[in-house]
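J.: One letter stands for each residue in the lines below.
Protein chains: 2
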Amino acid sequence: MNTKKSDFLLNPEITYLGFGSFGACPKPIFEVYQNFQRELEYEPVQFITRKGLQYLQTSKEALDKYLSCQADDLVFVTNPSYAVNIIAKSLQLKVGDEILTTNLEYGACDKTWQYYCDKAGAKYIKREIQLPIESKESFIANFLQGITPQTKLIFISHITSVTGLRLPIEEICTYAKTLGITTFVDGAHAPGHISVNLRNLNADIYTGACHKWMLAPKGCSFLFVQKEIQNNFDPLVVSWGYHSMMPSDSQFQDYHQMQGTRDFSAFLTIPACVQYMHENNWNEVNTNCRKLSQDNALRFCELLNTSPISPIHDDFMAQMCSIPINCEKPADLQQLLYNHYQIEIPVMTINHNNYIRYSIQIFNDQDDLDRLYNALHKIKESTDMIF
Amino acid sequence: MNTKKSDFLLNPEITYLGFGSFGACPKPIFEVYQNFQRELEYEPVQFITRKGLQYLQTSKEALDKYLSCQADDLVFVTNPSYAVNIIAKSLQLKVGDEILTTNLEYGACDKTWQYYCDKAGAKYIKREIQLPIESKESFIANFLQGITPQTKLIFISHITSVTGLRLPIEEICTYAKTLGITTFVDGAHAPGHISVNLRNLNADIYTGACHKWMLAPKGCSFLFVQKEIQNNFDPLVVSWGYHSMMPSDSQFQDYHQMQGTRDFSAFLTIPACVQYMHENNWNEVNTNCRKLSQDNALRFCELLNTSPISPIHDDFMAQMCSIPINCEKPADLQQLLYNHYQIEIPVMTINHNNYIRYSIQIFNDQDDLDRLYNALHKIKESTDMIF
Numbered sequence: 001m002n003t004k005k006s007d008f009l010l011n012p013e014i015t016y017l018g019f020g021s022f023g024a025c026p027k028p029i030f031e032v033y034q035n036f037q038r039e040l041e042y043e044p045v046q047f048i049t050r051k052g053l054q055y056l057q058t059s060k061e062a063l064d065k066y067l068s069c070q071a072d073d074l075v076f077v078t079n080p081s082y083a084v085n086i087i088a089k090s091l092q093l094k095v096g097d098e099i100l101t102t103n104l105e106y107g108a109c110d111k112t113w114q115y116y117c118d119k120a121g122a123k124y125i126k127r128e129i130q131l132p133i134e135s136k137e138s139f140i141a142n143f144l145q146g147i148t149p150q151t152k153l154i155f156i157s158h159i160t161s162v163t164g165l166r167l168p169i170e171e172i173c174t175y176a177k178t179l180g181i182t183t184f185v186d187g188a189h190a191p192g193h194i195s196v197n198l199r200n201l202n203a204d205i206y207t208g209a210c211h212k213w214m215l216a217p218k219g220c221s222f223l224f225v226q227k228e229i230q231n232n233f234d235p236l237v238v239s240w241g242y243h244s245m246m247p248s249d250s251q252f253q254d255y256h257q258m259q260g261t262r263d264f265s266a267f268l269t270i271p272a273c274v275q276y277m278h279e280n281n282w283n284e285v286n287t288n289c290r291k292l293s294q295d296n297a298l299r300f301c302e303l304l305n306t307s308p309i310s311p312i313h314d315d316f317m318a319q320m321c322s323i324p325i326n327c328e329k330p331a332d333l334q335q336l337l338y339n340h341y342q343i344e345i346p347v348m349t350i351n352h353n354n355y356i357r358y359s360i361q362i363f364n365d366q367d368d369l370d371r372l373y374n375a376l377h378k379i380k381e382s383t384d385m386i387f
Numbered sequence: 001m002n003t004k005k006s007d008f009l010l011n012p013e014i015t016y017l018g019f020g021s022f023g024a025c026p027k028p029i030f031e032v033y034q035n036f037q038r039e040l041e042y043e044p045v046q047f048i049t050r051k052g053l054q055y056l057q058t059s060k061e062a063l064d065k066y067l068s069c070q071a072d073d074l075v076f077v078t079n080p081s082y083a084v085n086i087i088a089k090s091l092q093l094k095v096g097d098e099i100l101t102t103n104l105e106y107g108a109c110d111k112t113w114q115y116y117c118d119k120a121g122a123k124y125i126k127r128e129i130q131l132p133i134e135s136k137e138s139f140i141a142n143f144l145q146g147i148t149p150q151t152k153l154i155f156i157s158h159i160t161s162v163t164g165l166r167l168p169i170e171e172i173c174t175y176a177k178t179l180g181i182t183t184f185v186d187g188a189h190a191p192g193h194i195s196v197n198l199r200n201l202n203a204d205i206y207t208g209a210c211h212k213w214m215l216a217p218k219g220c221s222f223l224f225v226q227k228e229i230q231n232n233f234d235p236l237v238v239s240w241g242y243h244s245m246m247p248s249d250s251q252f253q254d255y256h257q258m259q260g261t262r263d264f265s266a267f268l269t270i271p272a273c274v275q276y277m278h279e280n281n282w283n284e285v286n287t288n289c290r291k292l293s294q295d296n297a298l299r300f301c302e303l304l305n306t307s308p309i310s311p312i313h314d315d316f317m318a319q320m321c322s323i324p325i326n327c328e329k330p331a332d333l334q335q336l337l338y339n340h341y342q343i344e345i346p347v348m349t350i351n352h353n354n355y356i357r358y359s360i361q362i363f364n365d366q367d368d369l370d371r372l373y374n375a376l377h378k379i380k381e382s383t384d385m386i387f
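So the sequence lines, in the order shown, correspond to chains P and C. The opening position of the first sequence corresponds to residue 1 in this note's numbering, with each subsequent residue numbered one higher. The opening position of the second sequence corresponds to residue 1 in this note's numbering, with each subsequent residue numbered one higher.
Incorrect hints may appear among the rest.
Because identical chains share one entry, a pair is satisfied inside a single copy or across any pair of copies.
[To be verified] Derived lysine-lysine pairs resembling BS3-like cross-links, with alpha carbons at most 25 Å apart:
no. : residue 1 : residue 2
1   : K329      : K51
2   : K51       : K27
3   : K5        : K51
4   : K152      : K119
5   : K126      : K177
6   : K94       : K119
7   : K329      : K27
For the record, the hints were derived by calculation from the structure and aren't laboratory data.
Bound conformation, chain P alone (with noise of 0.2 Å):
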């Protein structure tokens, strides 16, 4: 077992190259966590109404800082779907209006598009990504040509979910904005991940999960918005933060972070997320996982007879990589490897296509993608669920 493993709570019997689904939190982060509910129950009054909203503040600056963003520029959420829903809600969108999306995008994220569109009589306009991706090139100027004057706004993902390929978000945001195009990312990949710098970035809205690749505990995301439009937004949970009588200066702020009672210790773990990448050399680790994912990535397709979606480079392929698969029940496939080879691995569906997804985190190594390598041989070699 990999040193790095015992690092984290995960069950040590198992393969774990699912990281990219749900994260999953080392235990010197989780203790932190657990330490301020702990708190929270010592004295619920003083955490709920003051001591926790200093934390809170303490870990907004860290996240601030983190992602380089202006205070008050973001605010914690549960989840990006969360996020999408705050801002698909208050677009007020007309009819006619159209949002330019690729069709890669995350299920969830689609649903809620396609409600509000539905309602306002507006598009979801998913632009087809052929893949295999070319170049940055070609995929950028693909993109945009799914521009019309009724866009209104491009929301895009910076990482996808089941192909888990890097976009050009940069380039894009960029385009847009000498348009007047509004630009929202769906950082749920992104940050811890790769580089997520949001005052070099562009987009006027970027959602991003901190309980992934940033290493906090389930339930810990953000919402980033430009101030110049933070107030066209309301909140999704109406609260006293809503006309707040006691302002503060931000109504963005005011009005998105205190939605009722609840336990708001995810948000709080950030500093210790920061330190716990700071100190195991974080920029060294994404690389050399990088570096891992990539190398097996060939040697996967030609298990499988399949190509690559992308090439095989950093401008595409970071710490997922997801391999076309030819196989009828990919839900009975990821089962076998869990249940089988005690491999946790997703088998997901796209636009009709297949794709096995191996996450790498510091706790994997070449051993773990040699088990995967050899669990798909024997289940090609002696079933037919994969052809």
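With chain P fixed as given, assemble chain C onto it according to the hints.
T.: Just chain C now, kept in the frame of chain P:
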């Protein structure tokens, strides 16, 4: 110190009369909570997509049983404000519609209704409740006079927040039913505090907090909706369950229960809460606490030169008692009681009147109320904060 206080994680140095604000979780329930969190981290994918969902089902069934409602007629939500937002967002209010409520409701709920009424051109009618309440009959007669042909929904607390009054919702819901007016009861303070039987109650919609009087950890509440109208309500966070690819028998469950990645461990603790209440003879605890609360009401009124705001009777008073208090700076008084006397108790304002509200839970005794009495007496004698 009351022996039962050691069952809680509460600071033993503080006289805790503020239970009604955010509850407090007994250690055995809290351990179950944090163990679920560890179990999630042991196998995140298995927990979030399989095992945790089985626990969720078990917990929901325990809550169904505890509240005497049918299977699938309630979903877990983070807090009652969240539930009110689900309902208000989907109610499809029209110009001229009226929501009838009292002028004693929780401020965050008022804000939510006002927000959606303003959007639709509807009216949020806060029926003025004259205090003291004289009788059930007079309360009901006065409140029902607020009904007009435009009344679309009645929103009313089971137990009010600032004033701690139990309201005769059974009679109001039953009468509203004869008129075909939808009723929505805010039971934030009710379950675990007074008997809540959803089958007998006749409310169309009911929300309650489990993280207050049912002793669950923070972030555990529920929304109950009568089966016939469940499908009127869209999810507040549109996610996988909306037009689910794998629908269950209940659209209500699909729409509202799964809302993206989050730590739903608090939702799983209901069996532990019910067990704790059972093992501690909760009916008897409720009775004793109610008695202690009621027995001290007049004494505090006399000290503060005020009068009770209702008959001192189970019909109106349970384990929270709000005493009118003449003071100019309620927040300062609350802070003084905490800082100088180590007493946690809220001093709050509603309709330009101030109230000090003590909550009596299993860990409180007469000594706690005597400490409060002596502190208020001293403050009254030695400062001009209370007059």
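J.: Mind listing which of the numbered hints don't hold for this structure, in increasing order?
T.: Violated: hint 7 alone.
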